[in-house]
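A.B. asks: The lines below spell out each chain.
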Amino acid sequence: KAGVTQTPRYLIKTRGQQVTLSCSPISGHRSVSWYQQTPGQGLQFLFEYFSETQRNKGNFPGRFSGRQFSNSRSEMNVSTLELGDSALYLCASSVSSGKDTQYFGPGTRLTVL
Amino acid sequence: GEDVEQSLFLSVREGDSSVINCTYTDSSSTYLYWYKQEPGAGLQLLTYIFSNMDMKQDQRLTVLLNKKDKHLSLRIADTQTGDSAIYFCAESNDNNDMRFGAGTRLTVKP
Chain A
85 KAGVTQTPRY
95 LIKTRGQQVT
105 LSCSPISGHR
115 SVSWYQQTPG
125 QGLQFLFEYF
135 SETQRNKGNF
145 PGRFSGRQFS
155 NSRSEMNVST
165 LELGDSALYL
175 CASSVSSGKD
185 TQYFGPGTRL
195 TVL
Chain B
147 GEDVEQSLFL
157 SVREGDSSVI
167 NCTYTDSSST
177 YLYWYKQEPG
187 AGLQLLTYIF
197 SNMDMKQDQR
207 LTVLLNKKDK
217 HLSLRIADTQ
227 TGDSAIYFCA
237 ESNDNNDMRF
247 GAGTRLTVKP
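Just so you know, the sequences run in chain order A and B. For the numbering used here, count along the first sequence from 1 and bump the result up by 84. For the numbering used here, count along the second sequence from 1 and bump the result up by 146.
So that you can see chain B by itself, here it is in the shape it has in the complex (with noise of 0.2 Å):
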């Protein structure tokens, strides 16, 4: 089937920009998406992108997208203790389908 990766951990200091890396492999994909977990919450979507963009800005987020290498990353500026949580990438197509990365639990030490 069709998937979505990530890498499980990333620490960064408080004040420096977080990178969060995800690929996927469904070339059909139409939306990609970021979202953001905190201890014993649901998910909060951050931020989308459609799958025709390169890039989207918002405020300390930014998303770029390689389409040719199917690549997705989401990029903190100025990373704050309270940024620490999990990050999911999701993708979804035409139908509807909804697939997740296992998330990457983000920690950002003072």
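Excised from the complex, chain A in its bound form (with noise of 0.2 Å):
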């Protein structure tokens, strides 16, 4: 099975702009959680979505969004970005929610200058 792949790798935007990530989990995999990595605050949780529908939400400003479509694949908006969401974004995936082990892609390195 092919594990989570998340779309770009890498991405360089500036201040004020908007950018949407990709993540495309597990086949079979029905929820789909967002997190941020920085070396300042390590990993935090942003979002997770379960059949379209956003079950969880992290202590984010409204600029992070996401949704999910009906092949469980998902996206994450942030939009007028700030220096400080330079980071690394990982999507995990499981096969439901709850007490489900969750697989992470391996991440969209955004910089923003």
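FYI, nobody ran anything at the bench for these hints, they're computed from the structure. Fair warning: there could be bad hints in the mix.
[What the hints assert, rightly or not] Below, simulated DSS-like cross-link-like pairs (lysine-lysine); rule was C-alpha separation at most 30 Å, straight line:
| hint | chain 1 | residue 1 | chain 2 | residue 2 |
| --- | --- | --- | --- | --- |
| 1 | B | 182 | A | 97 |
| 2 | B | 216 | A | 141 |
| 3 | B | 255 | A | 141 |
[As the list claims (entries may be wrong)] FRET-style restraints, in silico, Cβ to Cβ:
| hint | chain 1 | residue 1 | chain 2 | residue 2 | range |
| --- | --- | --- | --- | --- | --- |
| 4 | B | 176 | A | 100 | 35 to 43 Å |
| 5 | B | 157 | A | 98 | 36 to 44 Å |
| 6 | A | 145 | B | 223 | 30 to 38 Å |
| 7 | A | 100 | B | 174 | 37 to 45 Å |
| 8 | B | 200 | A | 100 | 51 to 59 Å |
| 9 | B | 213 | A | 179 | 21 to 29 Å |
| 10 | B | 173 | A | 137 | 24 to 32 Å |
| 11 | B | 160 | A | 153 | 44 to 52 Å |
Ideal Cβ positions, reconstructed from N, Cα and C, are used throughout, including at glycine.
Can you join these two chains into the complex? Each is in its own frame, and there are hints to help.
C.D. replies: Right, dumping it as structure tokens:
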């Protein structure tokens, strides 16, 4: 089975722009979670989607949003980029939710200049 | 809020055992995980343990859980240079809220 894939792997944007990141979960997985990883804050949970519905949301501003499609693929959008948004954005998928183990993708490294 | 804490660095010699420790505060944790992250890569699930287990062994990896003290450890036997990476401890509860430690950077010296 193919693992979790994320595109693009690397992205460079400037302040004020917006960006969309994509995540394709493992086949058969219906839950997708997004995380932000920075040297200063470590790994922080952004949100989780299951069956096209947002189930959980972390403590991030409204500039961060996401959605999930009927094929379980998910996108994350960040609007009005700030320098502090530079990070590795990780996507993880699991079969459903709750107790299922999450499997992570390689991440998208976003640099905001 | 609930926290997961790990020591930041560990250095061992090749062939020795490595023990990475983690403490957590959420008493409702149901699953505890160890992930490995190599440079430039995402997180790789190494192993996980249910909160009602004390120990889990998987080849060179041994996970010990002391639920009373909320202490989790990962032992890597016969550590190799390829084991050099950052190891993250994580816990989740029934709501699938997942919390990670800051990661322990393991350096294996030849």
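A.B. asks: Does each hint fit the structure? Answer for all of them.
C.D. replies: Status of each hint after checking the structure:
1. B:182 x A:97: Cα-Cα ~29 Å, so holds.
2. B:216 x A:141: holds (26 Å)
3. B:255 x A:141: violated (41 Å)
4. B:176 x A:100: 35 to 43 Å: holds (42 Å)
5. B:157 x A:98: 36 to 44 Å: holds (40 Å)
6. A:145 x B:223: 30 to 38 Å: violated (45 Å)
7. A:100 x B:174: 37 to 45 Å: With a Cβ separation near 41 Å, residue 100 of chain A and residue 174 of chain B satisfy 37 to 45 Å, so the hint holds.
8. B:200 x A:100: 51 to 59 Å: Cβ of residue 200 of chain B to Cβ of residue 100 of chain A: about 53 Å, so the range 51 to 59 Å holds.
9. B:213 x A:179: 21 to 29 Å: holds (25 Å)
10. B:173 x A:137: 24 to 32 Å: holds (29 Å)
11. B:160 x A:153: 44 to 52 Å: holds (46 Å)
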